[in-house]
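*Asks:* For reference, the chains in residue letters:
There are 2 protein chains.
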Amino acid sequence: AGAGAESLDYEVVENYAYREAQAQRGKLWVSYYVVLKWLFSLLIGIGTGLAAVFINLAVENFSGWKYAATFSIIQHSYFVGFLVYILFNLGLVFSSVYIVTKFAPAAAGSGIPEIKGYLNGVDTPGILLFRTLIGKIFGSIGSVGGGLALGKEGPLVHTGACIASLLGQENGHLAREKISFRVLDYFTWQGGSKRYHLSSKWVRVFESDRDRRDLAFDYYLHGYKYLSKDWYRTTCLGTAGVAAAFRAPVGGVLFALEEVTSWWRSQLMWRVFFTSAVVAVVVRSAMNWCKSGKCGHFGSGGFIIWDISGGQEDYSFQELLPMAIIGVIGGLLGALFNQLTLFITSWRRKYLHKKGNRIKILEVCIISLVTSVISFGLPLLRRCSACPDSEMSPGIECPRPPGTDGNFVNFYCAKDSEYNDLATIFFNTQDDAIRNLFSAKTFHEYSAQSLVIFLVMFYSLAVVTFGTAVPAGQFVPGIMIGSTYGRLVGMLVVKFYRKLNVDEGTYALLGAASFLGGSMRMTVSLCVIMVEITNNLKLLPLIMLVLLISKAVGDFFNKGLYEEQAQLRGIPLLESRPKLYMRNMTAKEASKNQKVVSFPRVVKVGNIVSVLRSNKHNGYPVVDQGQNGETLVIGLILRRHNFSDFVKPISSKGMSIEEIHLTEDELELYLDLAPFLNPSPYIVPEDMSLAKVYNLFRQLGLRHIFVVPRPSRVIGLITRKDLLIEE
Amino acid sequence: AGAGAESLDYEVVENYAYREAQAQRGKLWVSYYVVLKWLFSLLIGIGTGLAAVFINLAVENFSGWKYAATFSIIQHSYFVGFLVYILFNLGLVFSSVYIVTKFAPAAAGSGIPEIKGYLNGVDTPGILLFRTLIGKIFGSIGSVGGGLALGKEGPLVHTGACIASLLGQENGHLAREKISFRVLDYFTWQGGSKRYHLSSKWVRVFESDRDRRDLAFDYYLHGYKYLSKDWYRTTCLGTAGVAAAFRAPVGGVLFALEEVTSWWRSQLMWRVFFTSAVVAVVVRSAMNWCKSGKCGHFGSGGFIIWDISGGQEDYSFQELLPMAIIGVIGGLLGALFNQLTLFITSWRRKYLHKKGNRIKILEVCIISLVTSVISFGLPLLRRCSACPDSEMSPGIECPRPPGTDGNFVNFYCAKDSEYNDLATIFFNTQDDAIRNLFSAKTFHEYSAQSLVIFLVMFYSLAVVTFGTAVPAGQFVPGIMIGSTYGRLVGMLVVKFYRKLNVDEGTYALLGAASFLGGSMRMTVSLCVIMVEITNNLKLLPLIMLVLLISKAVGDFFNKGLYEEQAQLRGIPLLESRPKLYMRNMTAKEASKNQKVVSFPRVVKVGNIVSVLRSNKHNGYPVVDQGQNGETLVIGLILRRHNFSDFVKPISSKGMSIEEIHLTEDELELYLDLAPFLNPSPYIVPEDMSLAKVYNLFRQLGLRHIFVVPRPSRVIGLITRKDLLIEE
Ligand SMILES: Nc1ncnc2c1ncn2[C@@H]1O[C@H](COP(=O)(O)OP(=O)(O)OP(=O)(O)O)[C@@H](O)[C@H]1O
Ligand SMILES: Nc1ncnc2c1ncn2[C@@H]1O[C@H](COP(=O)(O)OP(=O)(O)OP(=O)(O)O)[C@@H](O)[C@H]1O
Ligand SMILES: [Mg+2]
Ligand SMILES: [Mg+2]
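Here the protein sequences line up with chains A and Z, keeping their order.
First residue of the first sequence? That's 201 in our numbering, and the numbers climb one at a time after it.
First residue of the second sequence? That's 201 in our numbering, and the numbers climb one at a time after it.
Okay, chain A solo, but in the shape it has when bound (with noise of 0.2 Å):
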């Protein structure tokens, strides 16, 4: 496990005062509840898809600037253009890499690592910060914007899954105000304390009071996780699949399916699935408001959605042969994508990232250099094309007007009616790089040497881009990557197969999806997303056939590109499925070696303060005596419940043990745990196996599980009948 990775804990500790809690919540409580959630999702959805078109329409302008002065100055000088343009994208990468480094060092990255790691129960530290979100919103401002080979979906994501987390501890915050209140009450009530340190009183059991402390413990405890539990996960993953699809509301639920399905639930679906369509309601809206011009640039492009409907929508047999091919180039360019990146980046965290901010700084400002250096230069090599036949292909104008977007740039051309195959990809904007390559009727616009340039050039720029300390999304450029070697195929194809209807788009659109497949591999939601982003539902089963096979082809090899930063990042998944041999392994031979530390029910503070400190496990078993004097195990504490989050019931964070200094006194002191622990936690007979003991951990979303001995008796057995009993 990873640095400061530490699980998540979803279950609902029922002690006593928890159900009593229960009990006084009625009807009223619950519309209350279902409507706040509904409120809250509706506010992110907003959130999320405000702050997506703040990224896009900064990012748009920006480059739209940079592009539009370079072009205006290389009419005169072409060294000039070439320096500003430099200078311009040096400028926007600094601003975002100074930003990351110096006060969100978490919001570096793509954030999907960290987000998926989320879902499946690991937390880690400062990934859902208020300056995460800030610096991924500028941060990738700069990053994109400056032209580096990277996009901005990644930390769009996390941006959501940031926004949804703060709204929900802002509930949180409510709740726990009030709760503070309730346990201050308790504590003026019992004596009390000025520093509500432990007080002698406090630890006293009043039988008869015991229901009202209790309460205010069983509130402030739980209050807080009880709102939240269900809030964080619902909308972090919400917003996180919906900014992830922008305007892809399906592919963006199902993104968020995929990625954690093992404790899904279909009411959470739709509040997902609302507050996916709230994004794409605001930024349409935005979008629709921007049309008039009144933003700039943006407007004119921007947020990935190529519509291709005018590309081929029938295919005959033959062409599948080609298809599965641009399948199995994806699954090998992926999987090497994912290990050549996996390389560079563990290298980085050894060597380079240790040295300090100065060289994280130093090394993007190369990578920018680099890039600004070949994204002009290449094209200033590369000799014209002649504009095809006016007469021949209507419609298109080429060389298209200078600061206009779309295909047939003039740059650096000898004679007027020329462009430049290359600058029309290379330099560009992502997005109107894509539509170039996307584009439907444009037959032999591109060479084919001119598009293995690219390739092998952005591919390696992406690779060495990848890991960076700048916010990083993979969504754009592997399309970029995929759709580029789709056109090649394209091509060959036209060539060959001369009298098919066939479409170099099409063939792009392919490549793209083969690409992302295998490196993400995330099949049903890729799919759905292309689907959504190129508005042409006919293409389904084309782009099915080829995730399906990239996927193959790269599983192949290695695990998909953010599994495999999650385990570099040291961030443990469980996988969907548990590993064979766990079939053959029992529970207890899991835990074979476990000396168990557990707690009595009454102890002295001064033991549990020295527990704590010998050992870093976060959860304890609590054992007592029965009547009859056999030991019985009563619950499960956690460490958290233990001390450092009722010493100081004010503060929000909880203290660590080791913060906490206690005089001798209160050393000495009993504490009766009965009150904090978790009654009910789940149990396992010691011969279950551990592929059973798997699936039941990662489908509740559990964080502890006690392997039992065999019982000595069946007290009841619950069936479906037992639970279908009506009020």
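Mixed in with the good hints, there may be bad ones.
A pair counts as met if it fits within one copy or between any two copies, since identical chains are not told apart.
[Claimed, not checked] Listed next, the in silico DSS-like pairs over lysine-lysine satisfying Cα-Cα at most 25 Å (straight line): (1) 792 to 921; (2) 759 to 237; (3) 779 to 237; (4) 921 to 816; (5) 550 to 921; (6) 795 to 237; (7) 738 to 491; (8) 550 to 804; (9) 302 to 555; (10) 921 to 759; (11) 792 to 738; (12) 779 to 227; (13) 804 to 738; (14) 302 to 921; (15) 494 to 759; (16) 759 to 779; (17) 921 to 795; (18) 788 to 921; (19) 779 to 921; (20) 494 to 738; (21) 816 to 788; (22) 816 to 804.
Simulated from the structure, these hints should not be mistaken for lab results.
In this text the structure is predicted, and so the values were computed from the model without any measurement.
Fit chain Z with the ligands to the supplied structure of chain A, relying on the hints for placement.
*Replies:* Here is chain Z with the ligands on its own, set in the frame of chain A:
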């Protein structure tokens, strides 16, 4: 619980032998298994696709002939045409009800409540048999072709599930044959018995031979289950979803998901999606093949897919109010529909259908007559309207030429340039009627009066037809009803908000969504299905809004259509959330009055028989003496495993305990239950809340949970770290 409903059992019975068998299964076995699964998914997809094509082809041709014949006859005499129409319908409907009542009683109704139950873990006898499949296919051709107010989508879901299950069983049988060979082997080796009944040697425990015997039995008891466990659910589910959505693969997956989220896994998702896509491809290929007119009337319609890309794409803020009203109407009418059908169905079950098949047949025939009379007669009484000005609305052909599909039917009109708006929707196949209702840019085609008449009549017919002894889906009728009032609201909007670019067809679509939402309440999948079948992603937010409202309104009154029907049929569905009161109830309280019936490890056959005959439980704890004389629960034995399964290993069904006749000698034998029992059933401590038990039960798809006393000690603790160890 209902008459024949029995729980399904998906728990892996992990006896020694199972583990041994697992250990022997290497990588090769895994790959083989994977290939097999994909292959079967493919086969199931193809099978379901072909069945869907066949049903549609037949229905379209039958009703095509019917309308063509009627139309050509009414040129001469309306009375003769009327007679022909009635008789044609009656003949088809009669054949349907005859097939169903005589050969496949389980094929009546939509089948979705049963499938839903199956996926929730309850088996309804007969629903997945071959004869049910046949009954479903031919029955729905008759009932839909015969013009009743019902659809073919529900039956197609059921058909898909049957195909999946039959293929799965086939596979199971293969495994089983190999297995029974081994069991035979074992019997022979043990001395055997000619009738394969209990033999005295058989029950002895040869300690040294234990493994071999266990192995044999394991293959028998688990080989089958192991192969089919995953199968059934996956494939059944997959195809169910797929078929439901016809040409909406994504919606199909989500449909499956929304129904069965309790045990969802992401690998399943991909396979289900694959099956979905295969169905879509098969259907599409067939339709392409039929385009050239080889399939008679099929090709011009049939599969529900109504492209409304011509519809309204934008909407103004003011339009949200009428849309919300549509949602409310949908909720009210949907809830009313559920309530009325519930009353009528329960009345039918109590009184009418008790009287035998004759009554059932008669009932359906009468309904057919009434339907024919209304759908022919009402348009006759309706005054025709003048065709729209051909200059104002170019591209509209009015009246349409006889024998073609389209709007503007000339039916019993005085002049040639008139059309009968009621006939356009009433005297038509449902698919065409919906296409007409959804059609864009046809303002004022229908008079409000006609729409109201149609709404009332069709609604009543749909209510009455529901629950008769023919295969009947509610999807298409729901769309008919919904789009009628949707269009009505649209007309009002056109009237009041004059200047807006309002399209009545879009309102019809929203109406359809609202009625389905108000009646079925499956929000997410309905939403995606509506988008897919109308091929218009841009309406998604509006559809969501309407669905959200109609579901909320409907939920205020009663449960969803399928839940209500499942309850009526005694299918005990577990909802996705535990009831509120379960939070305040412990597992012990839930099973308080039980006297648990258990077996000792070694038990006399006579005792087993008498215990099994004295109650109807399906699982019993097995209790043994530990080394120190204390009792120990060593596992769970199923009724099935006790006897019926292995007394007659060749039979495919297993015998019930009443059918087994044993001699006095045999009754005196002792049997060791250890090798057959499940040694690690799920256990919960006695004071776990029932809510928590509920989640455990549902999420893992269990059948039995033992409530046990608090354990005396904890042997080990399983955390994430223990589940991450590498091989
Ligand atoms: N109370 C305990 N007594 C003995 N061993 C324990 C105890 N709690 C945990 N362990 C064991 O110690 C190891 C690490 O435990 P730890 O509590 O740190 O869990 P973890 O897997 O790291 O997850 P978390 O993120 O909750 O810390 C595991 O092998 C676990 O089985
Ligand atoms: N071995 C047993 N001893 C005592 N009570 C039992 C036993 N098994 C089940 N019961 C109880 O009897 C009632 C009905 O049990 P049954 O086994 O018929 O289950 P069910 O809910 O009907 O599901 P199934 O479909 O498996 O029959 C339940 O309340 C259950 O708790
Ligand atoms: Mg730990
Ligand atoms: Mg029963």
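*Asks:* Which hint numbers does the structure go against, in order from smallest to largest?
*Replies:* 6, 8, 11, 13, 14 and 15
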